[in-house]
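One line per chain: the protein sequences are S and P, in this order.
Residue numbers for the first sequence follow the numbering used here, beginning at 1 and rising by one.
Residue numbers for the second sequence follow the numbering used here, beginning at 300 and rising by one.
I should point out that these hints are in silico values taken from the structure, not numbers from a laboratory.
All figures in this text were calculated on a predicted structure; none of them were measured in a lab.
Mixed in with the good hints, there may be bad ones.
Claimed, not checked - One side of the interface only, derived from the structure: several residues of chain S facing chain P at Cβ under 7 angstroms: (1) T49; (2) L60; (3) N64; (4) T158; (5) P167; (6) D168; (7) A176; (8) R180; (9) P182; (10) G245; (11) L249; (12) F279; (13) E282; (14) R283; (15) L287.
Unchecked claim - From the derived model, a few chain P residues whose C-beta atoms are all more than 12 angstroms from chain S: (16) V346; (17) I370; (18) R371; (19) G402; (20) E403; (21) D503; (22) G531; (23) K580; (24) D583; (25) G588; (26) L590; (27) S593; (28) R598.
What the hints assert, rightly or not - Stretch by stretch, here's where chain P covers chain S in the computed footprint (C-beta under 8 angstroms, at least three residues): (29) 82–92; (30) 266–276.
Every residue gets a Cβ at the ideal spot worked out from N, C-alpha and C, and that includes glycine.
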Amino acid sequence: MSPPAYDRLHDNTMCPHQHSRDDSSLTDRLSTHVGDESRLLDRARRASTASELVVAPVQLHQRNLQRRLREAARPQGGFAFTDPESIGRSVAREAGGTTRSLDRIDRLALLGSLSPSESPPSPDDPGPSSGDARPTFRDRLGTGGDAGARHVEQVRSTIESMTNFHPDRIGALRAAARERRPPVDADAAALVDAAVDAERALRDRARGAVSRVDVLRRATRDVDRTGGAAWTAAYPDIERVSIVGVSTLSAPYVDLVCAVLATTTVDVELHLRPGTGPFLDERLPALLAVDGPGREVFA
Amino acid sequence: MTRSGRLSLAAPLDAPSCPAAEIATATRRDEARAAMATVAALHERGVPVRETVVVARDLDPYEEPLFRAAIRYGVTPVFWTQLRVTRTRPYALLDALCAALDGERVDPETLLRPLEHRWAPAGAEPPGATERTTGAGATADESAAVAGGSDAEPGESDAAPGESDAAPGESDAAPGGWPVEPSTVQAAVRSLPAESRPIAEWTDAVDDARVRRYVSWAAAHAGDDPRPETVGSVLGDAVGAYRAVELPRTNARDSPALLETETEARAVVRAETLVAQVERKYADRLSDGTLAASWETVRELCRLFATQRPGRREHSNATAVDVMEANDVWGLSVPYVIVVGLVDGDWPRATAGVVPPELQETVLTGDGRTGVVAPRTEWADGRDRDHFADAMRAATRGVVLTRHRRTTGGDERRPSPYLAAVDADAVTRAERERLTGVDPELPAPIAAMTPGAGGGDA
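Next comes chain S alone, as it looks inside the complex (with noise of 0.2 angstroms):
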């Protein structure tokens, strides 16, 4: 089922497989692996600047495979780690915008703080407006305290990595919600809207991005409407970026890949794992279907 994405004639780029059939250069720059890192440490090069972009989003795999590097005695000069939420804040540097978010114990506390039974609020902190959010929101914010503020990040945390807040996505989650029996299909309308309305009311309290991942989200946006440039600016002489030791796909750094394919030259190695390898191998095309990458459901 084609969506209405192919229809439209805007500048809003396209992720690679949806590009016209001419157009092969973009997904023979994607490649996948599994199990396969001796790939990426074969080309270990004497370097004075990185051509190769290591994405680990583990710190502790960055130095994995440095330690490993290092014990073989080949050199590093080639390569430069990162992870994504880094490339986020890089790009959004370069392109003047903030990277500065909060953490998770900020955005505990200012959930928290939302919840009905706090005290009024002082003329200094206007509080939550009354049009604000849905019951459900509230609802599961419940007496106040770390627990439900706990719940309601994890809900939107867990719907952002499903999405990325991207309204295709989020529109998808809905429809699949509504074809669930009772009462799972309210159940999982009430988690999309209480997790939409968490970030709605974090955004609205919160000065700069609400997490890291919104400053990845704002950097992907940049790099798609620039046309790569702020993709260049941050990194200009990065040729590849090889992203290794992930379990699952995220929303967010799909999102990413897919701005990074379809705006620059840069080829993307994506070092799956052998336990789920196969399965994100073959889920990955219809994850890159998406139109916009970094596009919000709040604009």
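Take the given structure of chain S and dock chain P to it, following the hints.
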């Protein structure tokens, strides 16, 4: 998605390319003993300790038994914890202080962030301080003291920093007391222009007396080239004030089980140890000339130490065995990997997610429009599978898989389904007893993994 695609998440994993042995013990504690005895016995046979690694899916239930077993067999363990300390408020306070004091200019948000993380001046007392010695306050101190005792590793930790002095007459005269309420801090941030200035220039721009007091204090301690003693007292005082002011507040609003208080008390103790370590390391590096003196450097050191147990040295210790969680073994290449906890329900373990299972299934399959929604493979034990595969792949000479058969309560534990894919040689009961005896002896299947025959000294 094809049926085979979806089912691939349940398919058996590839067997390791090197030999595997399996040890089944009665209890988890026996399992920990078998694991450490194996490390010791391999060492006896000439295998350097750094050529072995012990891997658990979740270190929490294994840390203490592994630690005790290691001592019993004369092995020094080094536990690689996850970045949990960095999720605690006391650590966040230290991190924010370093950021606020670094460099010549700072923006309001960075400057005031320590206040959001409950900074208070040395000697500050919470409102109602006289009640601290009774009831709730006393319990908070007790938990902190207990936490301090259990966290100290024998022979390894630095001298514990002293308690903060509550000097009479130093409590703040301004109404409201400490810490400053988040709404006041946020209001202060919003009222100031979003630009970077030297700290001293911010002092007069702030209204609230307490915030102003903090800013003056920060101006006095900020800038380039902090001395180690300054670092120690600035950070140490901050943690001390946190212990004095914030801990009782957590205690007062906690549930009867005091879970949050205990966690926070542990975080405070960790932070205290961390400050002592950072000060010492910073002083060392400065005198070596290997570090530039700055608050940003201090911040990095805090981050480094926060990811390790107290007392662990930064460089990998060649005479200590690494004990880590399965997520951290990815990408490593080590001759002998000992994998503990291969019990169904522990590894894999179902995680409590928020998405209903029916919706999980739809997103995993991703047919039609749902294809754009990103599934979380943990819904189908994705991470546990990958971690097990990583542990197998890391080993170059051999894998030792251990599991236990019953809980302390006597309930049966079944073997992990992941074991089905591995053609492992079972270690017999007699071999196991000789392994965990006074003089550990390698079971035949494990001995066969070592290079060369015979048990000559290395």
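Quick rundown of the hints versus the structure:
no., hint, result
1, T49, "violated, 23 angstroms"
2, L60, "holds, 5 angstroms"
3, N64, "holds, 4 angstroms"
4, T158, "holds, 5 angstroms"
5, P167, "violated, 11 angstroms"
6, D168, "holds, 6 angstroms"
7, A176, "holds, 5 angstroms"
8, R180, "holds, 5 angstroms"
9, P182, "violated, 11 angstroms"
10, G245, "holds, 5 angstroms"
11, L249, "holds, 6 angstroms"
12, F279, "holds, 5 angstroms"
13, E282, "holds, 4 angstroms"
14, R283, "holds, 6 angstroms"
15, L287, "holds, 6 angstroms"
16, V346, "holds, 17 angstroms"
17, I370, "holds, 26 angstroms"
18, R371, "holds, 28 angstroms"
19, G402, "holds, 15 angstroms"
20, E403, "holds, 19 angstroms"
21, D503, "holds, 20 angstroms"
22, G531, "holds, 25 angstroms"
23, K580, "holds, 18 angstroms"
24, D583, "holds, 21 angstroms"
25, G588, "holds, 23 angstroms"
26, L590, "holds, 19 angstroms"
27, S593, "holds, 19 angstroms"
28, R598, "holds, 14 angstroms"
29, 82–92, "violated (count 0)"
30, 266–276, "holds (count 4)"
Consistency with the previously given hints fails for numbers 1, 5, 9, 29, ordered from lowest to highest.
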